[in-house]
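Here the protein sequences line up with chains H, F and C, keeping their order.
The first sequence runs 1 to 251 under the numbering used here.
The second sequence runs 1 to 257 under the numbering used here.
The third sequence runs 1 to 252 under the numbering used here.
It should be emphasised that the hints constitute simulated quantities derived from the structure, not laboratory data.
Source: prediction; values computed, not measured.
Ideal Cβ placement from N, Cα and C applies to all residues, glycine included.
This list has only true hints and no planted wrong ones.
Not the full set, but computed from the structure, chain F residues with beta-carbon under 8 Å of chain H: (1) ALA56; (2) LEU58; (3) PRO76; (4) MET83; (5) ASN89; (6) TRP93.
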Amino acid sequence: MRRHERLIVAAVVLGLFGFWEAMVRLGRLDAGMAPAPSAVLAALKALLGRPEVLQSLAVTGWEVVAAFLLAVPVGLFLGFLLAEVPTLGALFRPLVNFLFGVPKSIFLPVFILVFGVSIPQKIAFGVFTTIFVLIVGGTAAVQSVPRELILVSRVYGASRGQIIREIYLPAMAPILLESVRLGMVFNITAVLLCEIYGARDGIGYRIAAWGENVQMPQLYAALVIVALAAVAVNEALRAVESRLGAWRERS
Amino acid sequence: MTRPLVSIRGVSQHFGADGSRVAALQSIDLDIPDGQFTALVGPSGCGKSTLLSLVAGLRLPSAGRVLCDGEPITGPMPRKVGMIFQEANLLPWLSAIDNVAFPLKLRHVAKAERLAAAGRMLDLTGLRGFEDRLPHQLSGGMKQRVAIARGLVQNPAVLLMDEPFASLDEQTRMVLGDELLRIWSETRKTVLFVTHSLNEAVYLADRVVVLSARPGRVVDDIPVDLPRPRTFAMTAGERFGALKDRIWQHIKSAERR
Amino acid sequence: MTWPERHVRLSQALLYLGILALWELTPRAGLVPRLFVPPLSEALGALVTHHRDYLGSLPTTFGEILAAYAIACGGGILLGQLVGASATARRVLLPVLRSVYAVPLVVLYPAMMVWFGLGSESKIAFAAIYAFIPTMLTAVAGVAALTPALAETARAFGATRGQQILYVALPASLPSIVAALRLGGALVIVGVIVAQMLGAADGLGYLITRHRTLLDSPGVYAGIVLVLAITGLHELILRRLERKVAAYRQGD
Chain H
1 MRRHERLIVA AVVLGLFGFW EAMVRLGRLD AGMAPAPSAV LAALKALLGR
51 PEVLQSLAVT GWEVVAAFLL AVPVGLFLGF LLAEVPTLGA LFRPLVNFLF
101 GVPKSIFLPV FILVFGVSIP QKIAFGVFTT IFVLIVGGTA AVQSVPRELI
151 LVSRVYGASR GQIIREIYLP AMAPILLESV RLGMVFNITA VLLCEIYGAR
201 DGIGYRIAAW GENVQMPQLY AALVIVALAA VAVNEALRAV ESRLGAWRER
251 S
Chain F
1 MTRPLVSIRG VSQHFGADGS RVAALQSIDL DIPDGQFTAL VGPSGCGKST
51 LLSLVAGLRL PSAGRVLCDG EPITGPMPRK VGMIFQEANL LPWLSAIDNV
101 AFPLKLRHVA KAERLAAAGR MLDLTGLRGF EDRLPHQLSG GMKQRVAIAR
151 GLVQNPAVLL MDEPFASLDE QTRMVLGDEL LRIWSETRKT VLFVTHSLNE
201 AVYLADRVVV LSARPGRVVD DIPVDLPRPR TFAMTAGERF GALKDRIWQH
251 IKSAERR
Chain C
1 MTWPERHVRL SQALLYLGIL ALWELTPRAG LVPRLFVPPL SEALGALVTH
51 HRDYLGSLPT TFGEILAAYA IACGGGILLG QLVGASATAR RVLLPVLRSV
101 YAVPLVVLYP AMMVWFGLGS ESKIAFAAIY AFIPTMLTAV AGVAALTPAL
151 AETARAFGAT RGQQILYVAL PASLPSIVAA LRLGGALVIV GVIVAQMLGA
201 ADGLGYLITR HRTLLDSPGV YAGIVLVLAI TGLHELILRR LERKVAAYRQ
251 GD
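One chain only, chain H, in its complex shape (with noise of 0.2 Å):
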């Protein structure tokens, strides 16, 4: 975006919050249900103030980490399985193309059934959301390594050690990024999904209370610091995503 252009939008956005905010304090909005933008910052001062608030955010942040830090490892491997075997890939890739399509979220009950309602089970239902798409990920990934650079290395000599570092692992590492980034935006969801449909802690429990006691303002500041996290996240891995695959062209 050009610099005038992000000038107008911030423009836009900021002359939408001030509209609201005229709206709230006219009388012609219920602040009940909409609260005005600086009844909304106020709030989001005070939460995190509060310590229980700020220890919210950790369990629901430890759950993404945790749930992050199982569903990569493997869910890559298996990718790179079945990219690499061929007989395996086969016969799994159909089923594992279904099960990606297939939409995670219903399954929480399920989880809720197996774990109980508890820490571990958030984690759980996040590597199944997860896990999928760095199968997925993963396999495309090997699969697009042009052949014939493996070709040219050998040619000049190449040990197997030295064609997979020297090719195979920069030719993937934008589609690894790739993937790993959208698993952690499926991750986050699920997690936070967890929480609001049945947990004792975290930030998304936290929000569905607030959602019952009609405690607007508290609500709405908890929905900017995870909006403002998730998109964090998703920019700070969007940045590494670049920088190492400024090489492929711009279409």
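The hints should help you fit chains F and C onto chain H, whose structure is shown.
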């Protein structure tokens, strides 16, 4: 008489198990002296590329031997044989200079040394100033120059070229052809150049070897006695036409089948 | 070594049958607690036993799905076509939309329950928002990929702007419109069911949750099977549509 640099003795090549066996090459005998520019032509599927991959050490012959400098070729010999393909096959995430330095990196040559060597090769192929460009920022012709520089960076005695200009437009082909001859005359490598273009074969080479249709056999071995340096004007001359025609007669009868 | 096609198909069929057999037998053998995974036959049995409940939940569910479908896909595709056609709009809006895509929209649902209550409106609103951006992004990508050469050729033959859109742009973007429908529809279905699971008085998702609170796992699985059937049917229909529409694009 000096020993030929590349020696192909009684080489046959087939693919597939018994029953569905496809013979690609049959009883090829070819001696290529040091420093000679040999073109290899023939109808599609005659096994020209297969022959090249045998000299590159990417395959072993089903029968016969391929020798380089008296030693049988058992695998890729990156220090003795460089290869250039129809597609440049550059690593898209490396700059031009890093691509040229790549074979040296595989041999664990120190960074400063390999970048210096790569820089010299890029100079040789006329790409000074483009060292830091990524492949997607280079034209087709430039990518092939980088590929040629990469093929030369280890100073191999033999350069194998598999239709390197086939995917370029005609003007770029002509320019690169002249560039190639300039580089060859400066470095005196032994070149084995596979091409579909009769023009290219006669213009560039000292000698044109013609293969038959599959299974490929040597049906003609034509010395090109045109003076060097070659000029565009020669291509309109009678001698040039006669040489082309001689090659064409073989191919015409093969393609008709 | 790759296997011949029939071996692969046979092995896959055996694999699926094997999975179904495992589903049936491991709970019966006591290898897996029946609470976690009831035998397949019991799950299907629950579907039959409670069929009135399940069938009764469908009208509400389908109604909500259709409404959200209309909003998300109708709006998303329309907006996508407009944005996709303008390079400026693409340049400005795409980065914003892609960043917003990362926000876990599920957290909006409690707020929607406050605004719209437990009834259908909250489900429709949630599913519509959930599906809107991905659908729009798919439609934008489709329009952006159209070769300008087609439009230029049409202009060279004297086509007006309206004719260009009707005879060139629209047919050319049909495949991506169907792709957007396919994606959006899948997301709408999930959105409605999840919203019903989270807080509702009626609907398939609500039934699944109710069976779960009663620890009636055959009931839960029965509901899941039904949802899978619905999404599967949707996939099948749209994939067929996609194939028909893309048939004339063989050159691509």
